[in-house]
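**Q** Below are the chains, spelled out letter by letter.
Number of protein chains: 2
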Amino acid sequence: MNLQHLEYLIEIENCGSISKAARRLFVTQPYLSRILKEVESEYGITVFTREKTGITPTDSGRLFLDMARDLLDDAGNFQRIFRERADHYRLRVSACTCSHPNDAFIRMVKSIPDIPLRFSYRESSPPHRHRRCLFQPG
Amino acid sequence: MNLQHLEYLIEIENCGSISKAARRLFVTQPYLSRILKEVESEYGITVFTREKTGITPTDSGRLFLDMARDLLDDAGNFQRIFRERADHYRLRVSACTCSHPNDAFIRMVKSIPDIPLRFSYRESSPPHRHRRCLFQPG
DNA sequence: GGATGTTACGCGACGCGTAATTATC
DNA sequence: GATAATTACGCGTCGCGTAACATCC
Numbered sequence: 001m002n003l004q005h006l007e008y009l010i011e012i013e014n015c016g017s018i019s020k021a022a023r024r025l026f027v028t029q030p031y032l033s034r035i036l037k038e039v040e041s042e043y044g045i046t047v048f049t050r051e052k053t054g055i056t057p058t059d060s061g062r063l064f065l066d067m068a069r070d071l072l073d074d075a076g077n078f079q080r081i082f083r084e085r086a087d088h089y090r091l092r093v094s095a096c097t098c099s100h101p102n103d104a105f106i107r108m109v110k111s112i113p114d115i116p117l118r119f120s121y122r123e124s125s126p127p128h129r130h131r132r133c134l135f136q137p138g
Numbered sequence: 001m002n003l004q005h006l007e008y009l010i011e012i013e014n015c016g017s018i019s020k021a022a023r024r025l026f027v028t029q030p031y032l033s034r035i036l037k038e039v040e041s042e043y044g045i046t047v048f049t050r051e052k053t054g055i056t057p058t059d060s061g062r063l064f065l066d067m068a069r070d071l072l073d074d075a076g077n078f079q080r081i082f083r084e085r086a087d088h089y090r091l092r093v094s095a096c097t098c099s100h101p102n103d104a105f106i107r108m109v110k111s112i113p114d115i116p117l118r119f120s121y122r123e124s125s126p127p128h129r130h131r132r133c134l135f136q137p138g
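So the protein sequences, as listed, match chains A and B.
1 is the number of the first residue of the first sequence in the UniProt record's numbering; add one for each residue after it.
1 is the number of the first residue of the second sequence in the UniProt record's numbering; add one for each residue after it.
The reader is advised that the hints may include incorrect statements.
[Stated by the list, open to error] Here are some of the chain A residues that sit facing chain B, going by a computed Cβ distance under 8 Å:
| hint | residue |
| --- | --- |
| 1 | 3 |
| 2 | 43 |
| 3 | 45 |
| 4 | 48 |
| 5 | 65 |
| 6 | 67 |
| 7 | 74 |
| 8 | 78 |
| 9 | 79 |
| 10 | 91 |
| 11 | 95 |
No wet-lab data here; the hints were simulated from the structure.
Every residue, glycine too, gets a C-beta built ideally from N, C-alpha and C.
My request is simple: use the sequences and hints to build the entire structure.
**A** Structure (structure tokens):
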């Protein structure tokens, strides 16, 4: 039960196409195709019929998508209530062990206005772990 | 937003202790402790106060847990509606490349009555990927 | 040739473990 | 010494990418 996957399917319905939805969601088309298959397998349901012209929901698929929308609304409300104060927006950057990206990152952080955004930066040598960033914007 | 994590926190509340909840949830206590911290950080809220006597919800923590319970109920209903027909229960086993666990696994599968359960088995040498199991119970 | 979709496969991040440490009884 | 919590760290899984393929305009 992954809420993100449900959002993905809803975007597929909105776009009427996997490729178009993938662009809107900033994921690759093969990956989104796989997610769709996984969800359909998880719930034992065919959500979309694949046709030449594109992709359309089945009847049970429409029911599924409608209920998913409701559930996502509830989840969104839940988040909206609690995610106000802190740590909500976060930007995490990974880069090779090299000073230039690091410098650029710091300049970017300093140039960004004072919004509630937390940054972290790590270099890609073991042990591969994000560290809290010491720099706060502003 | 991870529904499993919310369930974990609710179990902590029910048990009044991280350790006890960890046992009930079949996870380790350090891991559950980390999940709690992560959720609190994600929502910028202190859900439990850590005291000598154990752990108790704060006021906002109680609100958080109540709303999480509602959301999980909704999610449970969603699943119950669609997860009826297929692929619902699954058992995945990993073992070293060695015939004895494999034999034991096959005997176990054959001994299990005919319920809608899908098995998969893999041996732990690269490329580390689960294969569909050819054996069905019964 | 340019849209769509699926399958194969690999890298790196993260899920979740164990070991070690601290604090309270 | 036992029991509860946190921190450190490592192994193996899986999220999500790219490459290659098949089909239809």
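**Q** Next, verify each hint and record whether it holds.
**A** Against the structure, the hints come out as follows:
no., hint, verdict
1, 3, "holds, 6 Å"
2, 43, "holds, 4 Å"
3, 45, "holds, 6 Å"
4, 48, "violated, 15 Å"
5, 65, "violated, 11 Å"
6, 67, "holds, 6 Å"
7, 74, "holds, 5 Å"
8, 78, "holds, 5 Å"
9, 79, "holds, 6 Å"
10, 91, "violated, 15 Å"
11, 95, "violated, 24 Å"
The structure shown violates the earlier hints numbered 4, 5, 10 and 11.
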